[in-house]
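From just these sequences and the hints, can you work out the full model?
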Amino acid sequence: MEQVTYTKDMFKKAPKDSRNAEQIKRPTIKYWADVWRRLKLNKLAMVGLIILILMGIMSLIGPGLSGHNYYEQDYSQVNVRPNNEFWFGTDELGRDLFSRVWLGTRYSLLIGIAAALIDFGIGVIYGGIAGMASRKVDAVMMRIAEVVYSIPYMLVVVLISVVFSTAGSGTSMFVLILAMTITGWVPMANLVRGQVLQLKESEYSLASESLGATSGWILKKHIIPNTLGPILVNVTLTIPRAIFSEATLSFMGLGLQPPSPSLGTLANDGLAVMPIGLFYQILIPSIFISLIMFSFNVLGDGLRDALDPRLRK
Amino acid sequence: MTKYILKRFTMAIVTIWAIITITFFLMHSVPGNPFATESRKIPENIMENLMKKYGLDKPKSEQYMMYLKNIARFDFGESMKSNTETVNEMIARGFPVSAHLGVQAILIALILGPALGAIAALYQNKTPDYISMIISIIGVSVPSFVMGSFLIQFVARNVDWLPIGGWGEFRHTILPSFALAMMPLAQFARLMRSSMLEVLNQDYIKTAKSKGITRTAVIMKHAVRNAILPIVSMLGTTISNLVAGSFVIEKIFGIPGLGMFFTTSVFNRDYTLIMGVTVFYAMVLITMMLLVDIAYMLIDPRIRLTKEGR
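Protein sequences appear in the order of chains A and B.
The working numbering applies: residue 1 is where the first sequence begins, and numbers increase by one.
The working numbering applies: residue 314 is where the second sequence begins, and numbers increase by one.
It is worth saying that the hints were derived from the structure and are not from the lab.
As the structure is a computational prediction, the values presented were derived from the model and not from experiment.
All C-beta atoms in this analysis are idealised placements derived from N, C-alpha and C, irrespective of residue type, glycine included.
Among these hints, one or two may not hold up.
The following label-pair restraints were derived from C-beta to C-beta distances [to be verified]:
hint: 1; chain 1: A; residue 1: Val273; chain 2: B; residue 2: Ala385; range: 45 to 55 Å
hint: 2; chain 1: B; residue 1: Phe580; chain 2: A; residue 2: Gly56; range: 48 to 58 Å
hint: 3; chain 1: A; residue 1: Ile57; chain 2: B; residue 2: Ala385; range: 52 to 62 Å
Just some of the chain A residues that point at chain B, by a computed CB distance under 7 Å [unchecked claim]:
hint: 4; residue: Ser150
hint: 5; residue: Pro152
hint: 6; residue: Met154
hint: 7; residue: Leu159
hint: 8; residue: Val163
hint: 9; residue: Thr248
hint: 10; residue: Phe251
hint: 11; residue: Gly253
hint: 12; residue: Ile276
hint: 13; residue: Leu278
hint: 14; residue: Phe279
hint: 15; residue: Ser286
hint: 16; residue: Ser290
hint: 17; residue: Met293
hint: 18; residue: Phe294
What follows is the structure, given as structure tokens:
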């Protein structure tokens, strides 16, 4: 066997700086990037997201595309079925349904998103305070929330709309949103409070507190960022509920003030002409409502799974 | 346990009182005169008599006390628009119809929903799972009024035996019950699927299997019984949602239920009827939620223990 002779120049000095050994070569994946990565794998949720983005864009540009506006009445073109000129047909008053449906989508989405955001705002503040406050304050606040929440949602919504709308002329968007948020914030507050109570006990909150942070600081810097996930899921699932409630209100004659359409009022108008065989007038807004609800629901479910991989089955 | 029930009962009373108060003051804050109509002017002396009849000439606080007293005797007063019926009579006429529809819908949802969810869980990621999840995703996405009008268009119009609307025979109830049941059915199926999957991974299921019991017995006696608990806890909210759905469904199918009265009263601005029906609904719903809570406690011994331990 041949003997290998090791000479000094065959060796290289190892770098003295051992800090580099600990260095992570690849960039770290941030929390939200990781969520997004997992969400992208969920086909159904992505379908929902794409539908929602398309609907959002179309609700902005759609009403202008057909060349007819949403309020102009043309009595020579009443109840026209979908054709080349009127893509979704016209209604009883000869108004172009294509622009009405997209405008209705815009209003329905606006109502849903606004209601969800207000619920979010009130819920985070109320739940945050209840969670950070002393036991007694917390108990009182939660009792109040409990009473508010056991008031049946739809009854309050109807009541508020009745009081703040003038008979026969519909409800303003402001009143609709008010009606939906007046008891709608409670689930969010409960969620936030539960999370806060849990996270308050965590080591990093304790560390922050021992370094002299105020409870407001801990809430802002540690607790709220960590509760954002479940909150986001809740917001996503609140939007379809608000859209659904608005549609139900429209069916009771408490929908948006005409001539402004919402998907609910359009479906309600469509119901009136269904017996005379004009099914397309209820079909189109119904499909739109269902698609929006479907998209938000699958997106919400997808987000929940993406935020918490343990839940995925 | 008695303490817990007592506490929940007090809460329910407080809530009902809160609703009565809110409803009263909201309805009395409506601007304008409840008797005024666009078409005709009411002479002053008649107006005075009307105000007297409904006690509107008295101060608000006195009216409020009167209203509370009347409600305590379950007297909801007289309708402002109908001369023939009091609010009580209308509730007595409409509620049984709505209750019939609601009970039927809940039963459909309670039987089919958990079954669908259980099947999905047992065949996880196989065809039955996908089919039942598609059904349930459609169920939660399609609002009941859409479901109702679709059922009329595609089923009632083609099947002679099933009427488009109306009320009276059993066949009148089938389509509206299904339209109403779809949403809770789908929610139950989704909930059942996830809780069933969780239960199936538990140790006691393994124990039961290893004891050599048949698969059916394991599923029925051990898995389903435990997995169904979350659904019971959801029943209260579901009933409340059903009421909201019934407003619409009764209108679409022309069913003379309480929901229809409510919708018409809202449309006519019949304030006493709106108040009466709102308070009545609230009472019914809150009683239901209370019963569901108590039932849940009786079913699930774990809750009973923790509640007592507190």
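Quick rundown of the hints versus the structure:
1. Val273/A - Ala385/B: 45 to 55 Å: Since Val273/A and Ala385/B have Cβ atoms about 46 Å apart, the given range 45 to 55 Å holds.
2. Phe580/B - Gly56/A: 48 to 58 Å: violated (33 Å)
3. Ile57/A - Ala385/B: 52 to 62 Å: Since Ile57/A and Ala385/B have Cβ atoms about 56 Å apart, the given range 52 to 62 Å holds.
4. Ser150: Hint holds; Ser150/A Cβ to chain B Cβ min 5 Å, cut 7 Å.
5. Pro152: holds (5 Å)
6. Met154: It holds, given that the least Cβ distance between Met154/A and chain B is near 4 Å, below 7 Å.
7. Leu159: OK, holds: Leu159/A within 7 Å of chain B, min 6 Å.
8. Val163: With a closest approach of 5 Å, the Val163/A hint holds.
9. Thr248: With a minimum Cβ separation of about 6 Å from chain B (threshold 7 Å), the hint on Thr248/A holds.
10. Phe251: holds (5 Å)
11. Gly253: holds (5 Å)
12. Ile276: violated (12 Å)
13. Leu278: Hint violated; Leu278/A Cβ to chain B Cβ min 11 Å, cut 7 Å.
14. Phe279: holds (6 Å)
15. Ser286: holds (4 Å)
16. Ser290: holds (5 Å)
17. Met293: holds (4 Å)
18. Phe294: holds (4 Å)
The structure is inconsistent with the numbered hints 2, 12, 13, although it conforms to all the rest.
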